[in-house]
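Undergrad: Whole structure, please, built from the sequences with the hints as guidance.
Read off the chains here:
2 protein chains.
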Amino acid sequence: MNFFSSNFKLGILGGGQLGKMLLSETRKFDIQTYVLDPADDAPGALACNKFFQGSLMDFETVYNFGKKVDVLTFEIELVNVQALEQLESEGIKVYPSSKTLKQIQNKGFQKDFYSRHNIPTAPYKRFTGISELISTLRSGQMTYPFVWKSAEFGYDGNGVKVVRTIDDLENLPETECIAEEMIPFKNELAVIVARSVSGEMKTYPVVEMEFHPEANQVEYVICPARIDAAVAEKARSIAIEVSKKFDHVGLLAVEMFQTNDDEILVNEVAPRPHNSGHYSIEASYTSQFENHLRAILDLPLGKTGSKVAGVMVNLVGAEGFSGNVKYENIEKILEIPGVTPHIYGKKQTRPFRKMGHVTIVNEDMYEARNIAEQVKNTIKVISQ
Amino acid sequence: MNFFSSNFKLGILGGGQLGKMLLSETRKFDIQTYVLDPADDAPGALACNKFFQGSLMDFETVYNFGKKVDVLTFEIELVNVQALEQLESEGIKVYPSSKTLKQIQNKGFQKDFYSRHNIPTAPYKRFTGISELISTLRSGQMTYPFVWKSAEFGYDGNGVKVVRTIDDLENLPETECIAEEMIPFKNELAVIVARSVSGEMKTYPVVEMEFHPEANQVEYVICPARIDAAVAEKARSIAIEVSKKFDHVGLLAVEMFQTNDDEILVNEVAPRPHNSGHYSIEASYTSQFENHLRAILDLPLGKTGSKVAGVMVNLVGAEGFSGNVKYENIEKILEIPGVTPHIYGKKQTRPFRKMGHVTIVNEDMYEARNIAEQVKNTIKVISQ
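Chains as they are written, first to last, in UniProt numbering: chain A, 1 to 384; chain B, 1 to 384.
Please note: incorrect hints may appear among the correct ones.
Because identical chains share one entry, a pair is satisfied inside a single copy or across any pair of copies.
[Said to hold, decoys possible] Pairs of lysine-lysine residues, derived as DSSO-like cross-links and limited to a Cα-Cα distance of at most 27 Å, are as follows: (1) K244 <-> K93; (2) K50 <-> K68; (3) K50 <-> K9; (4) K347 <-> K50; (5) K354 <-> K380; (6) K244 <-> K149; (7) K303 <-> K376; (8) K376 <-> K93.
Worth flagging that the hints you see were computed from the coordinates, not collected in a lab.
TA: Pasting the structure below:
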């Protein structure tokens with residue numbers, strides 16, 4: 001198959017920042033792309049060959065879009081899976097497949113999948129809704145604390161809540177959910193696995209998500225993780241196992257907990273480029289976006305090792321600011337060697353909205369981490 | 001000034017591969033761009049915010065385009081300078097300036113400029129045309145061999161010819177030209193200087209252009225150059241001197257000869273991102289394109305050092321092939337670690353047309369150089 005400067009067309013469902021960064025690689029290779037997104041000013045509306053505005057959850061819209069392309073991929077899990085199934089049955093290549101996506105979209109299915117395949121994960125129970133969960137609590141079959149997770153449509157901390165008393169369940173939606181045992185952990189880790197159509201596999205180094213000591217929010221993604229080689233190897237081999245079991249194609253980001261006694265538990269996966277791999281644009285031999293593209297086009301995978309250490313800081317909208325965005329002090333961080341801001345192109349900021357990220361690369365990982373803190377304390381996403 | 005996700009508009013004259021690679025950086029920063037190019041399928045027609053088709057040499061076209069933007073830059077020297085002068089007089093910021101461009105566009109002016117500023121360069125004579133050159137030869141005031149160079153409109157080896165006998169002058173155009181003494185040299189080197197509006201300067205490491213032993217064509221650009229530190233420092237300081245004297249803003253690529261006795265002679269300059277800096281996308285902390293953008297927007301310049309060694313191979317159309325392009329064996333080179341092809345997006349190949357380039361990065365420069373040879377012998381730009 002000839003992809004480069006040819007009539008081949010790749011379809012991307014979703015034109016958010018992940019789609020936008022993927023387009024940077026399709027431009028590099030001159031591969032034609034069509035993008036579908038509900039917002040006509042989506043970050044990925046530019047740099048594709050053709051942009052279509054429409055709902056990702058609507059069967060007809062996704063189906064009609066898919067019929068126009070040779071290979072279809074997505075940058076977001078919230079897409080109409082029935083349309084993907086229909087397209088596959090008509091011979092359109094969809095990577096990752098609708099089957100992989102279905103097993104992942106619903107957190108209940110995802111947890112069952114881990115259990116079924118002996119993949120270590122925190123103990124959990126599935127519920128049809130809050131009412132059922134409350135009955136179970138009242139019957140004494142469950143104890144506090146636990147983590148409530150909405151089975152579907154959760155992202156970036158939405159749809160997740162630590163529950164310590166019955167009052168914490170108030171105002172939670174009556175949707176399918178899981179309750180997960182709270183396991184104390186030392187580190188939150190992630191491994192991105194790339195797997196091509198023909199089954200070639202490569203893993204990126206284990207990264208560490210460093211949390212803010214007070215706010216329960218990832219502050220830094222650090223590559224390589226500051227962990228023992230043995231723990232890293234364990235995390236890596238579990239990630240490979242998960243990827244094989246899902247039989248996925250493209251990227252699979254596997255988020256894991258390192259428990260206090262150095263066990264690795266799989267938290268959740270994302271079948272696409274992932275926030276924990278953004279550092280790879282500057283730090284890795286091959287960025288996660290390029291490897292996603294290589295994987296779904298069944299091209300040889302690129303080297304996943306790092307040229308230098310990388311730390312990533314998310315740029316989220318500051319509290320108390322909404323409206324036309326302004327990146328305060330961005331000039332100041334540009335003065336620091338090895339600092340690269342990525343501005344996603346969302347015109348409007350609001351509290352905690354992901355507006356961009358900054359990558360810090362350095363030969364020395366601890367130096368990169370220090371600079372990351374300086375960056376975090378300097379730049380501020382406000383409104384004009 | 002607020003550039004990021006704002007109403008600010010950068011205009012780029014020319015939408016070739018250099019414009020295209022610059023757009024990759026404007027997308028990263030979400031800076032709005034307008035592009036003007038004669039070809040509606042130019043590589044840079046995609047990923048800009050607005051594309052305009054039109055001649056770069058036509059006063060009205062360039063002037064009208066320039067009036068729509070806040071800062072104007074170019075990716076090619078062959079643009080209408082009078083329009084730039086008019087725009088500057090009306091307050092549009094043009095970087096590099098029309099004054100810098102004028103001194104560079106004409107090779108006669110450029111050589112005079114070096115002489116005037118005591119910048120080492122090969123001895124030369126200027127002529128209004130071939131007839132005047134022939135008279136001078138006949139009068140015995142000049143000897144063979146020498147290098148004939150067209151004063152204007154030369155690029156990529158066009159407009160340059162080694163003259164050993166009077167017969168070599170046949171078929172050369174009756175245009176303004178220079179005749180340059182042929183000085184034997186060991187190496188052809190280049191230094192890219194970035195200089196911002198407020199005068200901050202940074203240089204990229206000295207690179208080496210390795211020539212094919214038979215064909216007189218650059219085969220590899222190697223960073224860092226395989227030369228003595230003292231020679232590298234001399235090349236670097238001459239490049240800085242040239243940049244200061246031109247008072248240029250943006251990037252200035254300074255091409256130089258290292259003579260057999262280690263003198264450095266300036267060959268020519270290009271006031272824009274340059275083929276000799278393409279390696280920087282993968283190998284440097286900050287790519288030449290990002291630093292061009294930072295320089296013309298008066299942002300702090302990024303670190304110009306390298307993460308790893310880089311070697312660049314141009315992908316030119318193979319002899320004997322014209323028509324719809326095909327990149328034969330591109331999958332084979334993608335198998336090699338650290339190899340990144342850049343496909344410019346020109347649909348039609350023809351012999352020697354620049355269709356793309358491949359960057360090879362590696363911790364070890366000699367290893368990168370070996371892989372580059374393997375790449376060169378594997379991939380072939382043919383027609384379908």
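Undergrad: All the hints need checking, so say for each whether the structure fits it.
TA: Now the hints, each set against the structure:
{"no.": "1", "hint": "K244 <-> K93", "result": "within (19 Å within a copy, 56 Å between copies)"}
{"no.": "2", "hint": "K50 <-> K68", "result": "both (11 Å within a copy, 25 Å between copies)"}
{"no.": "3", "hint": "K50 <-> K9", "result": "both (10 Å within a copy, 23 Å between copies)"}
{"no.": "4", "hint": "K347 <-> K50", "result": "both (21 Å within a copy, 18 Å between copies)"}
{"no.": "5", "hint": "K354 <-> K380", "result": "within (12 Å within a copy, 42 Å between copies)"}
{"no.": "6", "hint": "K244 <-> K149", "result": "within (25 Å within a copy, 61 Å between copies)"}
{"no.": "7", "hint": "K303 <-> K376", "result": "between (30 Å within a copy, 20 Å between copies)"}
{"no.": "8", "hint": "K376 <-> K93", "result": "neither (41 Å within a copy, 33 Å between copies)"}
Hint check: a violation occurs at hint 8 only; the rest are consistent with the structure.
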